[in-house]
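J.: Which chain is which? The protein sequence lines are A and B, in order.
Each residue of the first sequence is one higher than the last, beginning at 1 in the numbering used here.
Each residue of the second sequence is one higher than the last, beginning at 1 in the numbering used here.
I should point out that these hints are in silico values taken from the structure, not numbers from a laboratory.
Since the model is a prediction, treat every value here as computed from it, not as a measurement.
Watch out, some of these pointers could steer you wrong.
Using 35 Å as the maximum straight-line C-alpha spacing, the simulated DSBU-like pairs for lysine-lysine come out as follows [stated by the list, open to error]:
{"id": "1", "chain 1": "B", "residue 1": "63", "chain 2": "A", "residue 2": "78"}
{"id": "2", "chain 1": "B", "residue 1": "101", "chain 2": "B", "residue 2": "8"}
{"id": "3", "chain 1": "A", "residue 1": "78", "chain 2": "B", "residue 2": "101"}
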Amino acid sequence: MEPAGWDFEPDRVMASTKPLPSTVQQLHESCDNAVTLTTADSDRFVSTQREIVSTMRGAVNLLSEGRRASEDFSTMVKDVQAWCGKRPSVAECVLCPRMDDILVVVVAKDEDNTGQLDDDLSAIDLEMFSRNKFRVSWLMLRASEASGLNCFVDAKESRRIYRAN
Amino acid sequence: MPTDCEHKAAFDRHVASYADTVDKHPDWAAVMLFYCAVHMVERLFAFDQIHNTDHGKREFELKSRYQSLWPEYRVLKSESLKTRYLDGGVFVLSARNVKEKLHGKRLVNLVADIESRLAARGMIPPAIVPPTM
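Construct all of the structure, not just a fragment, from the sequences and the given hints.
T.: This is how it looks when you write it as structure tokens:
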């Protein structure tokens, strides 16, 4: 019997019907025999066993790299938040993705007359550079420059990750 | 690839522009100081047979090879960016601060570090002493 709603809600119907029988074939990465893959939406791929195994391995590695990058990014944000929290002269910190890097803008509570905050920023920049693969740029704005924050970050894309109490 | 001498000449030109500009337009003088820094570090890279064609590559090489140069270079770059992108004259450094903090501290330290590195390799460059203002 044709399941109700087949034409309109394929996902729901697919989930509620018995799985289609599938033929599992052992693929060998050293074999160049042709294989035809047919997906559920009837796309058809003709490839070799070698290429299919290689593609699957690539996809698995890509997923795993993506997960690792996501974890590294979360760790980086937490580290920057902790770094800000240890510095009484930091008023806020905003992170903004750009075309080819991530910009971290640290806004100071004062004018950083000694240049200490700028030097600290360079130190964490180098530390992060050696620790992860993200391309990050760091910018310190003095309190009197804080009104220019939006000249550097897109308000829609940016995220404030720290604000002093 | 530009030679050491060409970078030295470019450095000298930017130092002269800085000296001409700083009292009237300290913000643009900060840009000149950044380009002084660019040519000084490229001078060092020229001895490594490296020519960085963009800022991103130069920064990567600096952070990878010459970390002690990074704090001074990064600050000079930041102030140059503020000159160009902060709207409405928000750039706050006075001529005196540009002279003391950017030139007197950051650029002079950067130049001294690079000269000592070159001297350590037996490549003692002609003395570069940015003019004191």
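J.: If a hint holds in the structure, say so; if it does not, say that too.
T.: Consistency of the hints with the structure:
About 22 Å separates the Cα atoms of residue 63 of chain B and residue 78 of chain A, which keeps this hinted pair within 35 Å; it holds. As the CA atoms of residue 101 of chain B and residue 8 of chain B are separated by approximately 23 Å, the hinted pair is consistent with the 35 Å bound. A threshold of 35 Å between alpha carbons decides the hint, and for residue 78 of chain A with residue 101 of chain B the separation of about 32 Å falls inside it, so the pair holds.
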